[in-house]
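**Student:** Protein chains in written order, with the working numbering: chain V, 1 to 203; chain U, 1001 to 1203.
What the hints contain is simulated information worked out from the structure, not anything from laboratory work.
Ideal placement from N, C-alpha and C gives every residue a C-beta, glycine not left out.
Treat the hints loosely; a few may be bogus.
What the hints assert, rightly or not - Per the computed footprint, the stretches of chain V lying under chain U, defined by three or more beta-carbons under 8 angstroms from a beta-carbon of chain U, are:
id, segment
1, 12-18
2, 46-60
3, 96-105
4, 136-149
5, 160-170
6, 176-185
Take a look at the letters that make up each chain.
Number of protein chains: 2
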Amino acid sequence: MTIDLHAETRPTGVDAAVAAARRVIDALVRAGDISGADMADVADRLNAVADDLEDTAPPLDERLVDMWRGDGNTRHDPVTGPENPIAPPLRYEAVDTRTIEATTTLGLPHQGPPSSVHGGVSALLLDHTLGVANGWAGTSGMTAELTLRYHRLTPLFEPITVAARQVSVDGRKIRTTGEITANGEPCVTAEGLFIATYPPRPR
Amino acid sequence: MTIDLHAETRPTGVDAAVAAARRVIDALVRAGDISGADMADVADRLNAVADDLEDTAPPLDERLVDMWRGDGNTRHDPVTGPENPIAPPLRYEAVDTRTIEATTTLGLPHQGPPSSVHGGVSALLLDHTLGVANGWAGTSGMTAELTLRYHRLTPLFEPITVAARQVSVDGRKIRTTGEITANGEPCVTAEGLFIATYPPRPR
């Protein structure tokens, strides 16, 4: 059995629009109120796009069934999903049968301390990566407890690696660890306890 | 002394453009590839906005100094910032001299399990809220350790409350707790250890 660690980004359709939306997000945080842009015009153009999307939106129930079909959440989740503008997105590779990792570079939308990744964003990336490592190792579950330790600031604007490894499965209890490193040094480490259960998918 | 728990959203300038960008983010995740929208056209229009913003962007160093001036990160952080499209945004109120809370409703961009908030998004909201509670109580610091316990699924599409309280300050060690509740029931609880230090602001 092969499983997808993340969904592939397609060059057309919603994935292309989402990639463009990520550029808008980055550029707006970079601009603030000190750029030369006409922000009233930008707001009008973005509201016009939102109007068109809302006018043609599928019913929520229909979209929920659609988005949980097949690969499930890998196309739309807020960490790897090519359909989600909030996702950086992370692109995982398998390191071994129980370990995965992704390298990414984050910018101003994910800032906490000056020029550093927000501690809560690190928590988001790690929680998700621990969950995907569980799937890769063969036994998935819901997060029951997650402990994060912050060792040094995680930098923006340069490559960071997010890795996770399933350590043990004992009955329904799954234990998984992970870390974010930059320049080979650990910035944040995580320990997670997951319970092997999952709510039903929308039908 | 009064401190701002969050920055006020202005009706014009970048805040208005960011509010429109949030509508686009929500509508794109709602649409997926099953809406009636012409996604190639949407991508073109969003890329054109990004081009214009990038062409008029301030130098990064200049923006970093600007964004850390005065209120510091409350205008641009990824949880409350009116200049950050990724922020839901949370709007805090003081409950007492050491406790704050915010009520918000999250949608599809923040989904983890079906129709539920992503566990890592809950971690992001709690980490930030614990930090703001520290500021409100008078002694702030950097997250050193954060433990999250997940008691039940946190729902999308209905109001949830994110609260935090500074419990103790012992030398440089700050202990803070928080929780996310829905319909009065705890969904996620958090315990944080913060160290009273902060990196210098860009100048």
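**Student:** Each hint needs a verdict: does it hold in this structure or not?
**Tutor:** Hints versus structure:
no. : hint    : result
1   : 12-18   : holds (count 6)
2   : 46-60   : holds (count 12)
3   : 96-105  : violated (count 0)
4   : 136-149 : holds (count 8)
5   : 160-170 : violated (count 0)
6   : 176-185 : violated (count 0)
Violated hints for the displayed structure, listed by number in ascending order: 3, 5 and 6.
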